[in-house]
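As given, the protein sequences belong to chains A and B, one line each in that order. When the letters of the first sequence are read in order and numbered with this note's numbering, they come out as residues 1 to 271. When the letters of the second sequence are read in order and numbered with this note's numbering, they come out as residues 272 to 561.
Hints are computed from structural coordinates only; laboratory data are not their basis. Don't take every hint at face value.
List of simulated lysine-lysine pairs, DSS-like, C-alpha gap at most 27 Å [unchecked claim]:
hint: 1; chain 1: B; residue 1: K288; chain 2: A; residue 2: K68
hint: 2; chain 1: B; residue 1: K332; chain 2: A; residue 2: K177
hint: 3; chain 1: B; residue 1: K332; chain 2: B; residue 2: K348
hint: 4; chain 1: B; residue 1: K288; chain 2: A; residue 2: K12
Label-pair restraints from in silico Cβ distances [claimed, not checked]:
hint: 5; chain 1: B; residue 1: T275; chain 2: A; residue 2: I198; range: 33 to 43 Å
hint: 6; chain 1: B; residue 1: R390; chain 2: A; residue 2: A216; range: 51 to 61 Å
hint: 7; chain 1: A; residue 1: K64; chain 2: B; residue 2: G447; range: 36 to 46 Å
hint: 8; chain 1: B; residue 1: K451; chain 2: A; residue 2: L67; range: 51 to 61 Å
hint: 9; chain 1: A; residue 1: I175; chain 2: B; residue 2: T316; range: 36 to 46 Å
hint: 10; chain 1: B; residue 1: K413; chain 2: A; residue 2: I175; range: 45 to 55 Å
hint: 11; chain 1: A; residue 1: L219; chain 2: B; residue 2: D299; range: 36 to 46 Å
hint: 12; chain 1: B; residue 1: E408; chain 2: A; residue 2: A220; range: 34 to 44 Å
hint: 13; chain 1: A; residue 1: L67; chain 2: B; residue 2: D299; range: 34 to 44 Å
Which chain A residues stay away from chain B? Per the calculated CB distances, all over 12 Å, these [to be verified]:
hint: 14; residue: A114
hint: 15; residue: V132
hint: 16; residue: I204
C-beta atoms are modelled at their ideal positions from N, C-alpha and C, and glycine is treated no differently.
Take a look at the letters that make up each chain.
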Amino acid sequence: MISDITIGQYYKGNSFIHKLDARAKILLTVLFIAMIFMCKNFLSLGLTFVFVVLSVLLSAVPVKMYLKSLKPIIPIVIFTAVLNMLYTGGETVLYSFWKITLTAEGLTTAAFFAARIVLIIISSSILTYTTVPTMLTDAIEKLLSPLKVFKIPVHSLAMMMTLALRFIPTLIEEIGKITNAQKARGADFESGKLLQRIKAIIPIIIPLVVSSFRRAAELADAMNCRCYTGGNTRTRMKQMKFCFKDFVSLLVFCIGIAGVVLLNIKFGAVI
Amino acid sequence: MNSTLLETKNLTYVYSKGTSSQVHAIRDICLKIEKSELVGVIGHTGSGKSTLIQHLNGLLKGTSGTVLLDGKDIWEKKSDIRKVRFRVGVCFQYPEYQLFEDTVYKDIAFGPTNMGLDRDEIDRRIREVIYYVGLDESYLEKSPFDLSGGEKRRVAIAGVMAMQPEILILDEPCAGLDPKGRETILSMIKDYREKTGSTVLFVSHSMEDISKIATKVLVMNESRLAYYDTVDEVFRHADELRNMGLNIPRLTKLFLMLREKGYDVNTNVYTLEKAKQELLALLSKGGTDK
Numbered sequence: 001m002i003s004d005i006t007i008g009q010y011y012k013g014n015s016f017i018h019k020l021d022a023r024a025k026i027l028l029t030v031l032f033i034a035m036i037f038m039c040k041n042f043l044s045l046g047l048t049f050v051f052v053v054l055s056v057l058l059s060a061v062p063v064k065m066y067l068k069s070l071k072p073i074i075p076i077v078i079f080t081a082v083l084n085m086l087y088t089g090g091e092t093v094l095y096s097f098w099k100i101t102l103t104a105e106g107l108t109t110a111a112f113f114a115a116r117i118v119l120i121i122i123s124s125s126i127l128t129y130t131t132v133p134t135m136l137t138d139a140i141e142k143l144l145s146p147l148k149v150f151k152i153p154v155h156s157l158a159m160m161m162t163l164a165l166r167f168i169p170t171l172i173e174e175i176g177k178i179t180n181a182q183k184a185r186g187a188d189f190e191s192g193k194l195l196q197r198i199k200a201i202i203p204i205i206i207p208l209v210v211s212s213f214r215r216a217a218e219l220a221d222a223m224n225c226r227c228y229t230g231g232n233t234r235t236r237m238k239q240m241k242f243c244f245k246d247f248v249s250l251l252v253f254c255i256g257i258a259g260v261v262l263l264n265i266k267f268g269a270v271i
Numbered sequence: 272m273n274s275t276l277l278e279t280k281n282l283t284y285v286y287s288k289g290t291s292s293q294v295h296a297i298r299d300i301c302l303k304i305e306k307s308e309l310v311g312v313i314g315h316t317g318s319g320k321s322t323l324i325q326h327l328n329g330l331l332k333g334t335s336g337t338v339l340l341d342g343k344d345i346w347e348k349k350s351d352i353r354k355v356r357f358r359v360g361v362c363f364q365y366p367e368y369q370l371f372e373d374t375v376y377k378d379i380a381f382g383p384t385n386m387g388l389d390r391d392e393i394d395r396r397i398r399e400v401i402y403y404v405g406l407d408e409s410y411l412e413k414s415p416f417d418l419s420g421g422e423k424r425r426v427a428i429a430g431v432m433a434m435q436p437e438i439l440i441l442d443e444p445c446a447g448l449d450p451k452g453r454e455t456i457l458s459m460i461k462d463y464r465e466k467t468g469s470t471v472l473f474v475s476h477s478m479e480d481i482s483k484i485a486t487k488v489l490v491m492n493e494s495r496l497a498y499y500d501t502v503d504e505v506f507r508h509a510d511e512l513r514n515m516g517l518n519i520p521r522l523t524k525l526f527l528m529l530r531e532k533g534y535d536v537n538t539n540v541y542t543l544e545k546a547k548q549e550l551l552a553l554l555s556k557g558g559t560d561k
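Chain A with its partners taken away, still in its complex shape (with noise of 0.2 Å):
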C-alpha cells in the first residue's frame, strides 16, 4: 500500500516533455489547471481534454502509469460527483424517487467536478513523471526567487523540499525494517479496536522519529565536511536553459487559454 505513492516518481524517457525546461513546466502545470478552472462549457472542455491528451502522448510515459497515479483518487472523484448530482438544484427534473431527485444540472455539475479532478491530477503527473525531483526544486527555487527581495530564505526552503523528497524511499525501508523488528517481539499490528490499533504504531513511530533525527544530524555532519554554506554564492552543476521550444510551449498554452476563453464567451454557461 505504502509503494503504491506516485509523489516524486520519475519515469525516465527522452520526451519533448522530458527536454523542456523544469520552469517551462512548472509555468505550463499552472496554466493547465487555470485552464481546467475555466473551462465553463463542455466545448471548452473538450479543448481542454485535447490538451491533455497531447501532452500524455508527447511525454511518452505509459497510459498505464497516469492510470496508476488516478487509482488512489477515484474514491474522492466518485464522492465529489454523487454529492454535486444530488445537491445540485435544476428545474429539468430527470428522475425522481422519495426525497431523491436527478436533474440534469445536477448531471453537469458532477461530470464537471469529476473531469476536472482527474484532469489536474493528470496534468500534474505529466510534471512529477518527466521531471527528476531535484530539478523541480532547482525550478521552484529559481521561479521564487523574486521572493528574496522580502529576505525570504528561499534557497534553504529549496534545499529542504530537496532533501524531503530525497528521504522518503529511505524513510519506507526504515519503516518496513522497524515493524519486522517489533513483529518479531509479537507485536500485533492487524487486530484489535481503533484505539489499540493505534497504541500499536508507537513502537514503530518513535524508532522513526529517532533515526530520523539521527539521520538529519549525520547528513548535517556530512554537508558541514564539503563546506555547504548555502545561499547565493553557489553556482549549478547543470545550467537551466529557457529554449525557444520552451517560448513556444508556453505560447501554445496561452493560445489554448484563449480559446478556451472564446469557447465561453461564444456558446455559454453550462456551469
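Knowing the structure of chain A, use the given hints to seat chain B on it.
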C-alpha cells in the same frame, strides 16, 4: 538431545513473482536444526541469509515449501503465527534502532507483555536477562537513548531473550562493533546457550567468530544451502568456500599451507591455543617433513 527442533522442507521464496524483476531469494532449502545446537550462519551479501531467517519466525511465508517447528507446520493456523514468533525469537541487524520505551526495563518488557505474562514473571525475566547480556540492574531505570551503541544493542538482544524463545536467532549481532565489543557479544551468546540450553542461530561475516563458538556452520551461497555441517567438516572445503567469496580463518589457512608443504599437522585449528599445541607437537617430532 539430538531431536529436531526446526526443520525446513524445500523452502523457496521468490521476490516480485510474475514480473520481469522476479528474483529467487532462497531456493529449495532443506534444513534440520537440532536442539541445543549453536549454529553459525555465513554467506555472501545477498546470498539469502536474512530472507531465510525471516521465514523461520513466519515474517515471510515461503512461495513453496514448509517450515516445521517441533514437527508442526508453522502456517497450519494463520492466527497462531504470533505464538511461533515467541518460540522462535529473532533479533535483526542493528537492533538498537528498534528501542522505543523511556526506560530499559519497559523496553525489555515489550516482548513478554505481548505474550500476556503476568507482572511478576515479566519482572523476574527482566532481572534475569539483563545479566545474560552482561549488564546489571542499575541499567533498568536508565533511558535506552542515553546508552552507548554497544549497550543499546545488548539491551535490544535482552528484549528478545526475555521471551525465552526455544530458538534464538541473531542477525549479525557483531556488525559495526569494535573487537572488544565483538568479543563481549560472542561470549555472551556462548554463555546464554550454556546457561539456558536453548538453540541459537547467529549470522556473521567472520569465519573467525563462527569457528570460535559455533558447533555447526550453515553456509549459504547464491540463494542455496551450500553446507550445513560441523565446523571441521565445513572447513575441509576450503577451496570451495574461497570460490564462494568466503574466507576460512587465517590460522586454519596457515595449517592448510603447512600441510601442503608436506608437514604432518592437523588442519582443524581455529584457536591460538590449538595452534600452539599443534606446533609444539610438530616440533617435538623434530619438525621434519612427513
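Here's how the hints hold up against the structure:
no.: 1; hint: B:K288 <-> A:K68; in the structure: holds, 20 Å
no.: 2; hint: B:K332 <-> A:K177; in the structure: holds, 17 Å
no.: 3; hint: B:K332 <-> B:K348; in the structure: holds, 13 Å
no.: 4; hint: B:K288 <-> A:K12; in the structure: holds, 24 Å
no.: 5; hint: B:T275 <-> A:I198: 33 to 43 Å; in the structure: holds, 42 Å
no.: 6; hint: B:R390 <-> A:A216: 51 to 61 Å; in the structure: violated, 38 Å
no.: 7; hint: A:K64 <-> B:G447: 36 to 46 Å; in the structure: holds, 42 Å
no.: 8; hint: B:K451 <-> A:L67: 51 to 61 Å; in the structure: holds, 57 Å
no.: 9; hint: A:I175 <-> B:T316: 36 to 46 Å; in the structure: violated, 22 Å
no.: 10; hint: B:K413 <-> A:I175: 45 to 55 Å; in the structure: violated, 27 Å
no.: 11; hint: A:L219 <-> B:D299: 36 to 46 Å; in the structure: holds, 42 Å
no.: 12; hint: B:E408 <-> A:A220: 34 to 44 Å; in the structure: holds, 37 Å
no.: 13; hint: A:L67 <-> B:D299: 34 to 44 Å; in the structure: holds, 38 Å
no.: 14; hint: A114; in the structure: holds, 32 Å
no.: 15; hint: V132; in the structure: holds, 22 Å
no.: 16; hint: I204; in the structure: violated, 8 Å
In this structure, the earlier hints numbered 6, 9, 10 and 16 are contradicted, and the remaining ones agree with it.
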